Every structure is written in C-alpha cells, then in structure tokens.
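Student: Protein sequence lines, in the order shown, are assigned to chains A and B. Take the first sequence: its position 154, counting from 1, is numbered 154 in our numbering, and each next residue is one higher. Take the second sequence: its position 21, counting from 1, is numbered 21 in our numbering, and each next residue is one higher.
Everything labelled a hint here was simulated from the structure, so no lab data went into it. Just so it is clear, the structure is predicted and the values come from calculations on it, not from any experiment. Hints are not guaranteed to be accurate.
FRET-style restraints, in silico, Cβ to Cβ [unchecked claim]:
(1) B/10 with A/469: 22 to 32 Å
(2) A/507 with B/209: 38 to 48 Å
(3) B/139 with A/35: 46 to 56 Å
(4) A/398 with B/123: 38 to 48 Å
We put the beta carbon where it would ideally sit given N, CA and C, even for glycine.
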Amino acid sequence: MRWNRDFSFRLVLLALVFLPLTLMGYKIFVLRYPLDVLLPTVSYRVDLSLQVDGHGGDVSVATFLPRSDYRQIIDEGQNSSGTFLFSLDSEGENLVATWTESNFSGHHNILYTFTVSPRYVRYLLPAGLKIPAFYPAAFTPFLESTPGIQVSDPLIEETLQQILPGELPDISTALIAIHRYLQDQIENRDFSGYTDAVTALKLGEASCNGKSRLFAAFARKLHLPARLVGGVILEQGSKRTTHQWVEIYVNGHWVPFDTVNDHFAEIPANFLTLYYGDLVMFRHTPNINFRSLYKTTRTLGPRPELQDSLARSPLTILNLFGLFEQVGISRKLLEIILMLPFGALVTAVLRNVVGLETFGTFLPALIAAAALETGLWWGIFGFLIIILLGAAAQRGLDALQILHAPKMAILFATVIILMLTMTVAGLKLGLIALAHITLFPVAILTLTAERFAQVQAEHSFAAAARRLLMTVLAVAVCYGVMHSSVLKALVLVFPECLLLIIACDLWLGKWVGIRASEFIRFRRLLQKEAP
Amino acid sequence: MRTRDWQAMVRWLLSPEAGRVLGMNRRNLGYVYPCNPRRFLPLADDKVLTKEVLVRAGVPVPTTLGIYRHFFELRRLGEDLAPHEEFVIKPARGRGGGGIVVVAGRTGASWTSISNRVLTVAELRRHITDIIFGVYSSELADAALIEERVCQHPELEDLSPLGLADVRVILLRDRPVLAMVRVPTRKSEGRANLHLGGIGIDIDPDTGRTGRALHDRLEVRRHPDTGAVLSGRTVPFWEEVLRVSRMAAEAFPLKYIGIDVSIAGTGPMVLEINARPGLEIQNVTRRCLQALLVKRGEQS
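Bound-form chain A, shown alone (with noise of 0.2 Å):
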C-alpha cells in the first residue's frame, strides 16, 4: 500500500518532468524553434501628445505615425482625441494623421498612444562598389536639386572636389570621406529652425536638418540617391525636439547615416522613423497656438516578430490569441493568466520553504497579477490602503455586533467603494496607473480584510501588520517572476513549461524540510545538534 503509493507519486512526478523535457526538446532540435524568442528586447511606449489652444473657427493639425518596417514594429496605436475628428491617410510612404474640428475655442489634449519595437541595423559597404550610370525613373525625386539641397550650387562642387580629389570614387570611399567631413568639419549646433546646404556649409555649424540636407547635396552631386528621415530619438522621459537623418541608396538597400551623432551606414535601435522627405513634423491651421511632446517609457517586452513567426506552430499558444480574442480575452490578459501558476508556485515556495505568513495561497499571485496596469508600487499602496480600511471597517461592525453574512456583505460594499474612491481620486490627481485598481479581485481582498481583523482581535495588531507585510513582501516577488518577459516568452512558446510547474508543486508537497523562518526560531536547538 505504502510502496504503491510512493510508486505512483514518483511515477507521476517522473511523467510531469519527462514529458515537457521531451516536447521542449523536440520543438528545439528537431523543429529548430530559435531560443532567441526567450530573450527580452527593448520596447517602448510612446505618447505623443498635442495640445491646441483655439479661439473659434476651424482647427486641423496634422503629423507623421510611424509604420512597421524592416526595423521597426508599430503596435497598439490608439487614439484618444475627444471631440476633434481623427482621419488616417498615405501620403507616398509616409502615413499622415489629421485631426479636426470646427468651430474650436478653448484648449484641448489629442493624445495618440502606441509601442515600438526597434532594432539595430548596420550595413556593410563592399569596398570597390562603382556608383551606377543609370537609375529607375523613380530616382529621378532622390537625385534633384531642391531650393533647400542645393545640388547644383557652385559651392557644393568645390567642397566636394576638396573632400574627394581625383577622379570617380567608389561609393564606399565616397560615403566614408562625405561623412567624415560633416562628422569633423561642420559643427552641431541646436537650432531648431530650417537650414539648407548650403548655409549649413558656408557657417561651418548646423543642427540635424542642415547637417542631412548638406549630406543628401553631397551624394546627390555623386549622383547616389539620396532622401532625408524625420523621427525622433526614444529616450526615457519626455521631449519636443525631432531629429533628422539620410538615407543613401546603395545596392539595393537604404542606407541610413546620422553625422550629428556619428552613425555611419547604421540606425540605433532608438530611432523611431516616423517620414521620409524634406517635410515638417507638424502641420496646423494657423488660428491655433500649438504645442507637441513625445513621452517615452522604456519596457523590457517579448520580441512580437519571432513570436509570430512562431504562431503557425500548433505547439504554441501563440496562435490562439486569435481564438481568445473573439470572446474579448487580450493577448496581456492571456499572458498574464498564464504566469498565475508560476505565481502560485513561488507563494507556496514562499510558505513552505521561506516559511513567510502570507494571507492566502493565491492572493499574492492574484495581486501581482492586478498590479499588471498600476504597476508594483501604486498595486502595494493601493492594496495596502483597502485591507487597512476595510479591516478598520470590519472592526467598526464588529463592535456593532450583526450577524457575520450580512456584515460580510457590507465589507464587501465597503471594499468596493473604496476602490472606486482610489479610482476617481487616481484620475483626478493624474494618477492613471492607480486609476487601474478597480481591477483588483475584489472578494479576494473583503476576505483579506476580514482575515487580517480577526488576527489583529484574536492577537493583536502587530501580528496582522507583520502578517500584511509578509503577504506584501510575496507580492513584490510574485510581481518580479510573473512580470519577467522571459518567463513570459517561455510559457508562451513552451506551454508544456505548465507541467514542469506542477512537477515542482508536487515536489514541494512532499518537501519536509525545515523551513528558513523555522531555522530562526530553533536556532538554539539546531546549534545544540550540530556536531
């Protein structure tokens, strides 16, 4: 009986590790899955954010959305932009979005949100590559003087003879001598205004734009063809200034440079592309004063491109986003229910090895899972304001003495006000990411409560305080292994992942050693024991 049990316990536990092993495997050597899915990458979110102040009559203002590309990855655009009227259109490569409204007065907020997924890209320039004779038609635009890139302007010829002498370089010497001269020779200043070619090159200094016009001048006389870029630099934080870039048609391939922070046939992964052309970021009815900022949050996320390369495997659960997305399940949410076991895992580590007393099993895990849009801190804080409250609450009808299910439902109406209390208060103060407590699991935390008063009457209120801090302390960790973008992509890729999850949990519920909190306690004991 015994044996038998021990026997199909280890039997059990030998599948649940076996089985995932295997499949994991399989998807790696055989199917050639690239673990390079696993590794984190950096995203950024991006709200940008234009304000108008108008004083009657009709107002439009218009700018440049990003689009995905070779390098970069645009998700999630989402518009919030109130009464003014939002409209998408392509103009040439470039997508264009216009707001409008009539009749504005007063002052007023577009906020256009989205994520990017960039990556690096550096070209190799074969050295001995002749410039071609003859381009497609479609050049023609790419190698024309323009009254701000001044091809045929005198002054560019000369630099040019100076910087290249000799006859007909190849394209390689020619890009490296074109960038070196801009790179030493002509300062970086911080003007924010136009600049063309050939200003930029008679004062010897220029900002982003002068320095690409004088570059695109450059190449175009070499007859390479060449065309500006207009983004921004994601950085940490918020920001006006856009930035300007070129790019050289080489063998096939645009080739970015930037002289003004010395990128030569390479694009850092911070460079958002939002149009390509001589244009202006942003164009507005001149009744307005207008204002724009870009605000940056940098996240470490998964890497989208080689996940959905790797939907089509029915291996995965990345093709069912799909199919839970019909019944109004996010691809966030799904991520972040999946991560629930690893939670429940590392609580139950927590307990049973740690020996930390948390209120409930699940309760951190389901609390971390919450903080997913409040973020760590504001998820403690407003987790802590509600089982502190509500506790006070439950202690207040304890001295009115009512019957325990109606007081129970009175809690429960408690918590919920103050939830929504957080909510509104969050808004109005700015604080969005507290505004998102509403989603906590709302019976979860009228039972926390409830717990956390009756250990406050039956020992006293430091031992449900000490209680409330270990349940915190397995949230924060809870919160860093469910939240951890490699453990995200892992289950994602690897499902099966979720049986070696209940191996572990098995292990554990036979683990009888004792538990660290315990070593404490007996410390003299177990001092007495050892040799």
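Once you've looked at the hints, dock chain B against the given chain A.
Tutor: The following block gives chain B in isolation, referenced to the frame of chain A:
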C-alpha cells in the same frame, strides 16, 4: 556565499529528512496527515464531541452542567444556572480561548466573573446567543458548553494565580513523547497558549519536576506578573497526568495529538485535545521532537 554554504543549502533542499528538529512541513506531512484522518478531526475540534468520547472511556473531565445548541433552550437558562455558583461557559468550537467566560461567584440574582464583572442572566443569555451564532468559531453555528469550574490544585494555584495552568502532553500512538506546563499571564488574558503570551515550563518526564521556563521566547526564572519562581516545582499527580493522557489518547482515533490536562485538587482532568499541536514545545524543553518521535516509532 562560500562553497560550503552552497553545499549546505543544496543539502537542505534535497535531503530534508536529515534534521532532528520537527518543522511545520514535516509535522503536517509526517504526522498530522497520516495519523489524524480528516473525518475524525471534528472529534478534537468540537469540545462537546471530545467530551463524549472521553467520558465513554472513563477519562476524568470537568462535569458538564449544560449544552445549548438552540435559542429556545435559553428560555430556561435562569432556572438551569440557579443552583450553580461557579461555572465556565465555552464555545464548543472556539479557537485560541476566545469566548470563554469564567464565573467565580454569585451575588443575589446575578454572578460575577473572575475579572469581577457582574453578569446578569440577560447578559449570560446574550453571550450564549453569540456563541450559538458562531461569533467565536468562524462558522455559521456552534454550541455553548457550560461546565464546572476546575479549581486547580493549590500547588498550581500558587504557580499560576492568573488562570488555569495546564500540562500539554504530545502523544504519538497513545504514548507520551514530550510534555510541558503552560501558565497564563496577564498578557495572555488567562489563556495558556504560548503564542498569546503564556509561559511554557519544561518538565522532567521521570520526576514531574519543572525546569527551564520560556516566556515570549525568552528564558525567565520568575512569573512576570506574580514573581513566583517557576522552576524546581513538582507537578502534582504527575504519574496520574501521564496515565490520564494515555487513556484519553487510546480512546481517540487521532494518533498524533497534544492533550491539555489541568490538575484539580482531586486529580488531573482532560480539558482539550489538539489535532495540530504546536512546535514551540521544542524550544521550551530544548528537545528535538523529530528525534523523539523517530525513537518512539522504532519502539512500536
């Protein structure tokens, strides 16, 4: 961390069987779950059921004066209690001593509690109503148990004037393994539970003499409230205490238990049986339960 520490940590994680100290995990997995089948747990958790089992087996317990399960029974509460001067009201499924009222005397139509509170019939009825409503048991309904007040042996009264002291005996398969005396303090409000502030005192199992005492995990020589010396005393009826616990354990289908025995002038009485006895007894007696339990297991 040094390599040695890492090795120790890995050893701790992979072979937890090695220790002699009993931890919470092993208490549950090694003793409580296999020895105390779930279906018998109510026998320990409900004092009315506990008493039924013990009385049937002839184990001495405080005399039951009344059991109230329904509100209509409370109409005759005044008449029921009229002949009694001293008694104790307990919730059958109370936890940690909550809801216990000790009545110590009578003045006219009302009684006084040990804390000198005057209690009328109406007040007692109200308290019992609360008990029946499950206020003290975190369940929907409970029963109120009224029993004789145990007047503890003078020897113990001297040691523990602030409440009923008891002897906690841990038994595995009907044999005592480890025992201590538990003494209430002002902080513990008359309750003997160590985590509520009671004092635990070691007992020499052969002689019944008290040894080292622990209060709030610190070693003390004297009672913090009365100054009474705690060690070097003899527990009266010590052999009898062990015999009574053995009897109680044999009568019970639970095989890993902590029995609380209090000692009246006439002899020991079993007050309570605990199916998940605490581990602090190891710190009080400075003895490792796991080692004792293994030895005890090898004997049978």
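Student: Would you pick out the hints that fail for this structure and give their numbers low to high?
Tutor: Violated: hint 4 alone.
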